[in-house]
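Heads up: the sequence lines are chains A and B, in that order.
The first sequence runs contiguously to residue 226 in our numbering.
The second sequence runs contiguously to residue 106 in our numbering.
No wet-lab data here; the hints were simulated from the structure.
A virtual CB, placed ideally from N, CA and C, is assigned to each residue, including glycine.
Fair warning: there could be bad hints in the mix.
[Unchecked claim] Computed list of lysine-lysine pairs in DSS-like fashion (alpha-carbon distance at most 30 Å, straight line):
no.: 1; chain 1: B; residue 1: K59; chain 2: A; residue 2: K154
no.: 2; chain 1: A; residue 1: K5; chain 2: A; residue 2: K126
no.: 3; chain 1: A; residue 1: K158; chain 2: B; residue 2: K59
[To be verified] Between beta-carbon pairs, the in silico distance windows are:
no.: 4; chain 1: A; residue 1: E156; chain 2: B; residue 2: S62; range: 13 to 23 Å
no.: 5; chain 1: B; residue 1: L73; chain 2: A; residue 2: H218; range: 20 to 30 Å
no.: 6; chain 1: A; residue 1: P12; chain 2: B; residue 2: F90; range: 17 to 27 Å
no.: 7; chain 1: A; residue 1: L13; chain 2: B; residue 2: L70; range: 38 to 48 Å
no.: 8; chain 1: A; residue 1: Q202; chain 2: B; residue 2: S62; range: 16 to 26 Å
no.: 9; chain 1: A; residue 1: P12; chain 2: B; residue 2: N64; range: 51 to 61 Å
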Amino acid sequence: MSNTKNLSRIAPLTLPVAFGYFPLGIVFGLLCTQNNLEWWWPSLIGLLVYAGAAQFMTIGLISLGASFSEILSSVLFLNLRHFFYGLSFLNKINLRSFGGIYRVFSLTDETYSLLTSSTELGGDQKLAFWVSLLNHVYWVLACSLGGIIGNLVKTEIKGLDFILTAMFAALAVEQIIRIRNYIYPVFALAISVFSLVMFPQQVLQIALVGTTAFIIFHSRSSLYES
Amino acid sequence: MNHDMDLLLLVVAVALVTFLTRAAPFLFFSRLQHSKLLVYLGDQLPSAVMIILVAYCLKSVSFNSGNYGLPELSSLLVVVLVHIWRRNFFLSVGCGSLICIFLLNF
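Just need the whole structure built from these sequences, with the hints factored in.
In structure tokens form, the structure reads like this:
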């Protein structure tokens, strides 16, 4: 089937993703310009990173004055959940082709949901590639639009960075519902509040390392039982 | 110029980290699968990490003066409740954000 025929077939299927990406991408672009970045930075970031939460987080952390390593380690922890997405596609992506590598690169939450919701899409390499590409295009367009608008309209909107906080809260709820285990989230909350009050400059390091250590020690006996 | 280079370096690093986490299952599958601890951590950590990140994002909010953090906290409550109700990211993040932006600007 020709590429144009493929595209016209799957384009309607990607509309829900477009509806979600456009507002989010535009806001990202606005947030960037609010942090005094030139209009083309959101486009570049959207193109290279292509991860909503990570992008918002990076800009948010920059405005909070976080260091290079703080930002990188936070992004790493934030993106851990992507590990599970790849597991569903292990046998279906050919990593020896550009298309395969691009599909892995562009495996976002939304693309993942779309491809796993339809057996036809998930199984067909070519169709899945075009879906991934289209979604990426939507995202880059949205970020660019935000960057351009933000540069033209110079009013400051307070609270745009709250979107990042809200995103983490929703992700937290999602993860807690998934694992149905409350001990670690509660510990994480306690140690975060503690660090915020006592050592506000090292909140991330203390809370992340402390929580990881707690999980390891808490699960030691049960993990090695069998 | 210097600032731009720093930012570019950061963006490329973030892009690589993101790509790495997406590619990890394909690259390290066997090694990752055989470590019970790693699999367990990868499964349990995200929930705790998200909470830590929420706390971190709120570190610049003043809780003993000004708005006392009420706009942020009440908007967070909305995000959590709406997400438990509908499990839709765009809905929960959108509602909570709109409320917070409204409260902070008007």
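Here's how the hints hold up against the structure:
In summary, the hint linking B:K59 to A:K154 is supported, as the alpha carbons are separated by about 26 Å, within the 30 Å threshold. Our distance criterion of 30 Å between C-alpha atoms is met by A:K5 and A:K126, whose separation comes to about 12 Å. Proposed proximity of A:K158 and B:K59 is supported: the alpha carbons are some 16 Å apart, at most 30 Å. Between A:E156 and B:S62 the C-beta distance comes to about 18 Å, which sits within the given range of 13 to 23 Å.
For B:L73 and A:H218, the Cβ-Cβ distance of about 29 Å falls inside the hinted range of 20 to 30 Å, so the restraint holds. For A:P12 and B:F90, the Cβ-Cβ distance of about 19 Å falls inside the hinted range of 17 to 27 Å, so the restraint holds. The hinted window of 38 to 48 Å between A:L13 and B:L70 holds, with their beta carbons roughly 42 Å apart. Taking 16 to 26 Å as the suggested C-beta distance range, the pair A:Q202 and B:S62 conforms, at roughly 20 Å.
In this structure the supplied range 51 to 61 Å holds for A:P12 paired with B:N64, their Cβ-Cβ distance being about 52 Å.
In this structure, every one of the numbered hints holds.
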